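Undergrad: Mind docking chain B on chain A? Use the hints.
The listed protein sequences correspond, in order, to chains A and B.
Quick note on the working numbering: the first sequence kicks off at 33 and runs consecutively.
Quick note on the working numbering: the second sequence kicks off at 33 and runs consecutively.
Keep in mind that the hints are not guaranteed to be accurate.
Repeated chains share a single entry, so a pair holds when one copy, or any two copies, can fit it.
BS3-like cross-link-like pairs, simulated, lysine-lysine; straight-line CA separation at most 27 Å [as the list claims (entries may be wrong)]: (1) Lys673 x Lys334; (2) Lys309 x Lys673; (3) Lys673 x Lys557; (4) Lys222 x Lys334; (5) Lys222 x Lys156.
Just so you know, the hints here were simulated from the structure itself, not pulled from any lab data.
Please read these numbers as outputs of a predicted model, since none were measured by experiment.
2 protein chains.
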Amino acid sequence: MRLIIPSASLKAVATGWLVLAALGAESREDTAAGWVKPVVEQVAAGLWRVRFGTPEAFTPVAIREAGPRLDDLKRLPPPAALPFEPGQIRGRITPSHTAIYVPCDEPGEQIYGFGLDPGAYEQKGLRKYLTVCAGVMGKTGASHGPVPFYVSTRGYGVYVDTSRVPLVHVARLTAKDQNDSSDVPPPALKTSERELYATGPTHGRSEVVFELQGNPRGVDVYVFGGPTLREAVQRYNLFSGGGAVPPLWGLGLKYRTFTGANQTSVMQVARSLREMKIPCDMIGLEPGWQSHAYSCSLAWSKDRFPQPATLVRELRQAGFEVNLWEHAYIHPTSPLHAPLYSRSGDFLVWGGLVVDFADPEAFRIFAEYHDREFVSQGIMGFKADECDNQPLDDSTPFNYPYSSVFPSGIDGDQMTQLFGYFQQRALLSVFRAHNLRTWGDVRATTALAGPLPFNLYSDAYTFDQYLRQLVNASFTGLLWSPEVREARSLDELLNRVAMSAFAPQMCLNLWFMPHPLWEQYDGGKNKDHQLLPEAERQAVADRLRSIVNQRYELLPYLYACFHRYRTEGLPPVRSLLLEFPQDRKLRAVDDAFMFGDSLLAAPLIGEAGSRTLTLPQGVRWYELNQGRWHDGGAVVSVAGKPGQMPLFVKENSLLPLAEPVQHVDRDTVFKITVKVYGKNPAPFTLIEDDGQTYDFEKGAFNRVVLNWRADGGGKVESTGPFAGRRYDIVAW
Amino acid sequence: MRLIIPSASLKAVATGWLVLAALGAESREDTAAGWVKPVVEQVAAGLWRVRFGTPEAFTPVAIREAGPRLDDLKRLPPPAALPFEPGQIRGRITPSHTAIYVPCDEPGEQIYGFGLDPGAYEQKGLRKYLTVCAGVMGKTGASHGPVPFYVSTRGYGVYVDTSRVPLVHVARLTAKDQNDSSDVPPPALKTSERELYATGPTHGRSEVVFELQGNPRGVDVYVFGGPTLREAVQRYNLFSGGGAVPPLWGLGLKYRTFTGANQTSVMQVARSLREMKIPCDMIGLEPGWQSHAYSCSLAWSKDRFPQPATLVRELRQAGFEVNLWEHAYIHPTSPLHAPLYSRSGDFLVWGGLVVDFADPEAFRIFAEYHDREFVSQGIMGFKADECDNQPLDDSTPFNYPYSSVFPSGIDGDQMTQLFGYFQQRALLSVFRAHNLRTWGDVRATTALAGPLPFNLYSDAYTFDQYLRQLVNASFTGLLWSPEVREARSLDELLNRVAMSAFAPQMCLNLWFMPHPLWEQYDGGKNKDHQLLPEAERQAVADRLRSIVNQRYELLPYLYACFHRYRTEGLPPVRSLLLEFPQDRKLRAVDDAFMFGDSLLAAPLIGEAGSRTLTLPQGVRWYELNQGRWHDGGAVVSVAGKPGQMPLFVKENSLLPLAEPVQHVDRDTVFKITVKVYGKNPAPFTLIEDDGQTYDFEKGAFNRVVLNWRADGGGKVESTGPFAGRRYDIVAW
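Bound conformation, chain A alone (with noise of 0.2 Å):
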C-alpha cells in the first residue's frame, strides 16, 4: 500500500493573519489507522499553517509574547517553490499520541535546527528528544532551548507548535509502503558492531517523523518557505515575532559576583572593574542575595544585604545596572508563598511552589511582585536559573514530575517544556509597563522565542559544546551566552572568554569565586583565597581588558544587527551556513560564525593558539588589523594569541568602530572609526536611539547610514526623529 495525496493547489485569498486560504488536502487513507485530514492555510508569502485535528491549548503559538510581523515577512524575499506542498505532509491521531511526517526526500538535503542542541550540528539521520534540559544527551537535541523546528538546504523550514517532549526521528527509517529494494547493496558478513549498526541511507522515500506522545487531539505544523535556508529562519522568526532588541548597556560586560557575596564586597568588585578599567555595564548578583536560594524567598538577605536600595543606587550611579539571580520555585518564607499557594502546582521543588504560569493571575502576581519589590527600585534584570529538567540519567531531584497537575490545566510535561519561557514573559512584563527595556538570562526557553530579551546560558559546557550551541541558536531564534567561569589555564580562559565577547551577551559568571577573575582564575584556589601574585594580577588583568574593549569597540555594530534581527529575521550571530546558504563546504562547519553582517569570527579553541578554517566562498576575506586578504574558499591558518579572536572582515564593507567606553550611560556618545574594506563597500546602517526604552517602536530613532564614495570618502547620512546623539565619526 502506497499512500497518495495529490498535491493541493494554492490558492492565496486574504482574510486575517492567520488564514489566507484554506486548502484541503485530499488521502485515499484519511479515516484508517488514524490519519487525519491536513488543513492548509495560507499565513503570509511563503508561510503556511498545516492543521491536523484540533491543537492543544497550551503550546508557544498559544501563550507566545508577540504576533508575527506580518508586514516585515512581506519585505523579505518571494520565496522559490517548496519542494512538497504543504499539504503532503501527514498526520495521524490516536489516543495515545499525535504523529507527523514531513517529507525529506532528497539524499543530498541536510537539516539543521531543533535548537540549542550541543552535541549536533547537522540533524539528517538523528533521533532527538526535544526536552528542556540542563545537561547533554548525546545528539538527542535534549537543551537549554530545545526548539521543534529545522530548516533543510533545500530552502524551507517546519515548526510544529507543541509544547509536549516531541521525538523526532530525523529522515532515518523508512516506512514500509514507502521502502524501495531496488537500491539494498547485496548482504556482506558483519563481524564487528561497528560494521553491524553502521548507519546507512534508508533505501526509498524517508521522513522526518515528529511523535507528539500524550498528545491525542492534534498539532499544527507551519511551513516556512525560501528561497534558502536564510530566509526559512528569517520568516520564522518574523512569524515568532521579530528579534529582541536590547538595552544599549545589556550588550556591554555582565559580571556576576560570588554567591557569598555581601553589599561591601560587591561594591569591592565594582569599584575594583573601574579602577582596573575592566569596561562593564552589569553586575549579577547570585543566590546569596536571597535571604533564602533552592527554593527562593525572592527577598533580600538582611545579613549580606541590609541596604539593597543603596546598593543598587550605588552601583547605578558607577555605571552598573544590577541583575539579580532567581528561581520561581517559592520557598514558604517568601511574601509570594501565601498568593501563590493555591496557584502552584501539586509537587514541591527544593520545597518551594512551582508557580503556575500558566494562570492569569498567577502570572499577575509574580509579575507585580517583581515590580514592586524590584524594578521599581532600579534592578533592571534577572537571571531565571534552573527552570528546565535534568538530563533523564542524572539522579538530582530539581524537577516536579511530568504527571504535575495545575491549576489552569496545563499538564506537567507542557509546564516543563514552557517554564523558562513563562517566566520570561512575566519578567519582561514588567519591564514593559515601565518602557524600559532589560536584557536577562534564562535557562530554559522554547519555539517562537526570538522576542524575548533573555539569553540562555550555562556555565557547565565543554568548548566545542559552547561553541555549537553559540551556532545552532541562530537557526531557531534563540540567544546564546556562553558564561565563564574557570578554566583548566589561562589560555583556555582567555579563549572562553574571548568567545563570551563574540556571543549575543558577554558573562564573566563568578558564581563560586570569592576574589574577582584576575585575581585567581583557577576556582578552587581562589575559593581558598590562593591569589595570583600581583605583577600577575595586572597580566591577567590587561588581557581581559582587550578582550572586553574589542567587544565595546563593536557595540554600535552589534546593536545595528539586533534591530535588523527584529525587523528582518536575521539573528546577529549566526552560522555560517546562515549567511552563505549555498556554500556546501559550510555545511558540517559549526567551530565558526559570523558576528554581524561583516565579520566572521574563527574561536580558538581550548587552550589553542591557532587553528585552521576552510573560508566562506564567493567573496575575499580581510584579517582584521592584519592588512591581509583571502579569496573565499581558501582553508587558512590563523594563529596568534589565546585571547585573540581571529577575525576576517567581508569584502566590501564597512566596519564602525568606536572608542570604548567603560560603560554606557543615558548619554553615552560612540567616537566611531569606520574601517573600509574592499573597493565598493556596501552601506552600513548605524541605530540611534535612547538605547533604552521602546520608544523604538514608535519610531522614535535615527538611521545613521554611512556611506564610502567612489571618490574615497566617507559620508554620513542621518535620518529620523531621534533628538539625541550616540555617534560621532571621527575618521574614516
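TA: Just chain B now, with coordinates in the frame of chain A:
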C-alpha cells in the same frame, strides 16, 4: 488540601483467581483533577489487584505466558500486615496520561527492583525511565529487562501492569499537600554545584510516582505482601506463573561460534572442545548461518552451510544442542516476508518487516515456520537478538518509531516494550508443542518473565554492570547471562568466565573470533589470526576447563534450585538481601550473591585476585574446599587466582557435587559426592526426571532427598514415579 483516603477494610471472599474480594476505597476527591477511585480485589492471600479506570488492551498481564500458580501461592508463609492499605494507592487519569502514587513513607525504607538495571541497586531517590534499552543510561533503569515492579525493605512489592514506558519517581519528590516544612533544615549558602544539587531527604510524606504517558484509560496495580521482600518476590514470581525450568543440558556451557564460521569450522570447534575436554552442551550459531542477516532471511546460508541437517545431526551426536541466532525483522528474501507483509508494522528495521506478534495469526505464522524449518529439524534453542531499543542518546537507527502502527492495534511504544516477550512466547510455543524444553537467549523482555526459558544477555558491559544486573535480575523474575567474549587480559577474561559460570546461563560468545577462545583471547589478534603459542593455549584451556568443570559439578544442585524457582518463586541466583532480608548491612551489597540455597559467590572483579566482603549475619560461612570458616557479619578478605570464584557455604548445608561430565545426554547419571557443612545440615532435595520434556509438570519426576543423620551418616530417600535414574550418590 490534603487528600484523605480512609482505610479500606479488607474482606477476603473467594470468587475466582483474580477476584477474591472487591473493595472500594472512598476518596473525597475522586472526581476532581482526574482522580479515580481505586477498585481493590484480592487475588490471593497477600496479593491484591488495585484497578484504576480501564486497563489498556496490551499489557504484560494481558499477553502473559502463564497464569498465576495459585496453589503454590497458598503454600507461602502468610503475609504480615502491609505498611499501607492497597486502597491508599492513588491514581489519576487524564487525556494525556495515567499517574499512580504509591505510599513510600518511612525514612529507613529502601527500594529494590525495576528490572535488570545495570546502573543502580538501591532505588530510593532515583528517577527511573523503564524503557527497553541496549545500553546503560545512568541510573534510569533503562535495560534489556525494565520491569515496573519493586520491593521494599518493609516487606511488600508493587507491580504496575503496563507496556508504556514508565517514568518513575522513587520517593524523591514531595507533593505540596504532603509537605511538612517543620523539619526543613535552616538555610545554608551553597558555593558549589555538588552542594546545590545534593539530594536531600524529602520533607513530609513521599510516594513512588509512576507516570504512564500516552495511557488515557487506566491501569492495574498489583500489591504483593511479605512478610519480607523475599516473600514479595516469591509472590510476584508465582503470580507470573513460576520460574522456568531449563532442560538439564541448558545448564551446561553454551559456546557461540564465529559469525563467519561455516559448516566445517563449526564442527572443528565442536571437536576441539571435546579434545580439550572442556565440557559443553550447546553450540550457538551467530548471524552468518543465515543467507541474510540485519534484517533476517531466517534461512540457511547455502554457501556456508550447504547441509544443515547433517551439521545438526553430527553436532547432536557429539552431544551438542544447536542454538540459532535471529531477530524478528524479516528481510525481503525470507520465506516469511510474503506471509507477514501485511501482518507487520508500518516501518522497517534494517529494511526488514517488524512482525506484529500481537496479531495471533502473525504469531502463528512465525512459530509454524520455526517449527517446520528448525525445531522439527533438531534445533533446540534460539537467540532473539536486537529486540531491544537503542539508548536515547545513541544515533544508530535500529528501531521502529513509537508511533508505529501495527495491524493488531498495538501502539509502537507498547510493541517496543513487549517485542522480545512476544518473540520468546512464539518460540516457546513451538517447543511446547513438541513437549520439549528449550533454553534460549533474548535481548529484551518485560514483566512476568519468570516462566520464559530465555536468558537476557549482552556482551557489552563493564564488569560491575554485569554483576549488578545479575543481582538485580533476581528481584523481578529475570535470568541474566553475562556473556564473555574478550578481555583486556587473561586475568580479566578468567574472572569474567567465572562470573558467567555462576549465572543462570553460562555462555562464551565468540561471534567475532574466528579461532577458539583458548587459541587467542585478544579479540583483535584472534581476528588477525595471531594465535597464542601452543603451550600457552594449553594453559588457557586448562584454566577454562577448571572453571567449566566447577559449573558442571554444580549442575544437579542448580537444577534443583530451578525446580524450586518454579514452585516457590525463589530465583536460583539471587541477591544476598533476598536471602537475608533482615540484614541491614546487606542493603548496599550488589557485588556478591547467592548461587542456590547454600553457596555465596563473591566474584573477583576485573583483573583482581582478591577482594573483601561482609558475610551475612546469623549463620556461619565455610570457605569451599579451604576448611576455613567465618562468623556471619564478619568482613573477610579472600584471595585466589583469577578465575577461581570465591565461594562460601552456608552453615548447615548439604552440598551435592557431581563428577563433571563432558555433556549431559538423555541417560547421563551424575556421580554425586555430598559435602556436609555444619552440625545440623538441612535436607537437600535433588530433582530427578528426564531433563528434557515437560512431563515433570504432570508429576513425572522424583524427589531425591539427601539427609545427614545425627549419627554421622548420609541417607538418600527417593520418591516419585520417574523410572529413570540421574544420580548416583557415591560419597558423603
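Undergrad: Each hint: holds or not?
TA: Right, here's what the structure says about each hint:
no., hint, result
1, Lys673 x Lys334, "neither (45 Å within a copy, 65 Å between copies)"
2, Lys309 x Lys673, "within (21 Å within a copy, 67 Å between copies)"
3, Lys673 x Lys557, "within (25 Å within a copy, 45 Å between copies)"
4, Lys222 x Lys334, "between (68 Å within a copy, 17 Å between copies)"
5, Lys222 x Lys156, "within (24 Å within a copy, 42 Å between copies)"
In terms of the numbered hints stated before, the structure departs from hint 1 and from no other.
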